[in-house]
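Quick mapping for you: the protein sequence lines, in order, are chains A and B.
The first sequence runs 1 to 290 under my numbering.
The second sequence runs 1 to 172 under my numbering.
Keep in mind that a hint or two might mislead.
Not everything, but these chain A residues come out facing chain B in the computed CB check (under 7 angstroms) [unchecked claim]: (1) His45; (2) Asn129; (3) Lys132; (4) Glu133; (5) Leu219.
By construction, these hints were calculated from the structure, which means they are not laboratory data.
Don't be surprised by glycine CBs; every beta carbon is placed ideally from N, CA and C.
Residues per chain, in single letters:
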Amino acid sequence: IQFPRLSYLPFLLPRLYAFFSPFLISPSSFSDGWFSYEDVPLKWHYPVGLLHDLYSGDEPTHAAGRGARTKNDAEAEAGEGSDTQEDYSALEAAERGPWKLVVHFSDWPHDQLVKLDEDGKVLEDAFKNSVKESSFLRHGTGKIVMSLSYQDSTQLWRGIEEQDLKLYNAVNNKLLSPPGESIRHVPLRIYLPSEPTTATSTIEEDAPAAGHLKVVQALVEPTLPNKQPQTLGTALNTILPTVFLSRRNAILAMAVLHGAVVPLTAVLEELAKAASYADGFLHVVVVMMG
Amino acid sequence: MSSLPNRAKPERSASTSKPTDPESPTLDPTTDVEEPGEDNDADLPITMAASVVLTGLPKDAHEALEGAGDLGMEKGKQLLLPSFIKHPLHVYPGPSAPQLSQRVFKISASKRFETIVKSVRRKLKLKETESVFCYVNSVFAPALDEQIGNLWRCFKTKDELHVTYAVTPAYG
Numbered sequence: 001i002q003f004p005r006l007s008y009l010p011f012l013l014p015r016l017y018a019f020f021s022p023f024l025i026s027p028s029s030f031s032d033g034w035f036s037y038e039d040v041p042l043k044w045h046y047p048v049g050l051l052h053d054l055y056s057g058d059e060p061t062h063a064a065g066r067g068a069r070t071k072n073d074a075e076a077e078a079g080e081g082s083d084t085q086e087d088y089s090a091l092e093a094a095e096r097g098p099w100k101l102v103v104h105f106s107d108w109p110h111d112q113l114v115k116l117d118e119d120g121k122v123l124e125d126a127f128k129n130s131v132k133e134s135s136f137l138r139h140g141t142g143k144i145v146m147s148l149s150y151q152d153s154t155q156l157w158r159g160i161e162e163q164d165l166k167l168y169n170a171v172n173n174k175l176l177s178p179p180g181e182s183i184r185h186v187p188l189r190i191y192l193p194s195e196p197t198t199a200t201s202t203i204e205e206d207a208p209a210a211g212h213l214k215v216v217q218a219l220v221e222p223t224l225p226n227k228q229p230q231t232l233g234t235a236l237n238t239i240l241p242t243v244f245l246s247r248r249n250a251i252l253a254m255a256v257l258h259g260a261v262v263p264l265t266a267v268l269e270e271l272a273k274a275a276s277y278a279d280g281f282l283h284v285v286v287v288m289m290g
Numbered sequence: 001m002s003s004l005p006n007r008a009k010p011e012r013s014a015s016t017s018k019p020t021d022p023e024s025p026t027l028d029p030t031t032d033v034e035e036p037g038e039d040n041d042a043d044l045p046i047t048m049a050a051s052v053v054l055t056g057l058p059k060d061a062h063e064a065l066e067g068a069g070d071l072g073m074e075k076g077k078q079l080l081l082p083s084f085i086k087h088p089l090h091v092y093p094g095p096s097a098p099q100l101s102q103r104v105f106k107i108s109a110s111k112r113f114e115t116i117v118k119s120v121r122r123k124l125k126l127k128e129t130e131s132v133f134c135y136v137n138s139v140f141a142p143a144l145d146e147q148i149g150n151l152w153r154c155f156k157t158k159d160e161l162h163v164t165y166a167v168t169p170a171y172g
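Isolated chain A (complex conformation) (with noise of 0.2 angstroms):
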């Protein structure tokens, strides 16, 4: 299957469904579908690109060209239920294959999702609010998303659903630059990794944890002080100075966003303009390098 980046996974939802009812034991709805990958449950809320950023451990391209089109083979496989998941070696994943995902109809993680309903409002709001947050960010205001009408909203959603950029840039641009309102922050959101648990570290070295992920959001301004623009690499310094020491030379770690690797130098509001999510946000995933 190929699915863009942009979108959410529970679009795939009643496809996948009509495909695998046939074979599931107990008699459930599409709504009932989430997906992991790893035995890690999905966030059903971020989009497709930002999954994938954070969790396939694929190697993020270099070229910055292929970026922000690069479309995300996302394979499902069967599962209902659970344990038909073979184990994935980073060297497969390296690969570059399609990332295989697991979808289920049972056994819903309600301490990890929240539920989705038939008619896909839970989706909806979910996607509203969070262009209502980025646009408070980017505006200071909630006055601008306020103001859209109703049909505009719907339009904008609509975009999503239909994944018809027309559609939704028509509404999205009216968020981006609203006559006479300047941008006050960039609605930025970073996925920094952190240490794998390791209480007991001297006996299992040969099985490595899974980490974590932390999220950060921070205040930032689209100019610096003294009136330069704010780039990734100086909003990444000022938010994470251990992580990222230069602000123009990755050292420890990248900036990945849409798959692909950000370069430090690359001006934010720029870069928020022409490269943010559906949702209004640059979802950008810190990786390490090793």
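Given the coordinates of chain A, work out where chain B should sit on it, guided by the hints.
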């Protein structure tokens, strides 16, 4: 926020929280909204595939990651708040929502937004079938897994995070 003291990382913030009694109309602004033993810190698990690189990191990279994101205090320059600091939180009833006797709470930054929603539910004594909606700055409803620290940092007004609750969806 730069004037906050430079403190070491805590064991676990839940151990310092005390239970709140919804019956007693206390106005103590330091009451926590957390329940003891509730472990829903905002850090997410990641997959092995994505963790592989972490275990093979050189020493300096290890050190850089440690505490990054919640501390960020390099040479006295403290830009982000340590995640254990309790943040003031002002809870307002939204349109046609019942009042709460207590309005100001403190919550640790490492908790998820879900903690607030659960707490409001508890305080309003809602039934399983009733729903509650919580909004930040009367504009948007954050995802339940968003970290309080992040929200507070980005959306506070005079050092308080303003959360509005309603029993019916509000703010289209």
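Hints, one by one, checked against the model:
1. Interface hint at His45(A): satisfied, since its Cβ lies 6 angstroms from the closest Cβ of chain B, which is below the 7 angstroms cut-off.
2. The interface hint given for Asn129(A) is met, as the beta carbon of that residue sits about 5 angstroms from the closest beta carbon of chain B, less than 7 angstroms.
3. Given hint, Lys132(A) at the interface with chain B, holds; its Cβ is 3 angstroms from that chain's nearest Cβ, closer than 7 angstroms.
4. Here the hint on Glu133(A) is kept, as its CB sits about 5 angstroms from the closest CB of chain B, short of 7 angstroms.
5. A distance limit of 7 angstroms between C-beta atoms decides the matter here; for Leu219(A) the minimum to chain B is near 6 angstroms, and the interface restraint holds.
Hint violations for this structure: none, all hints satisfied.
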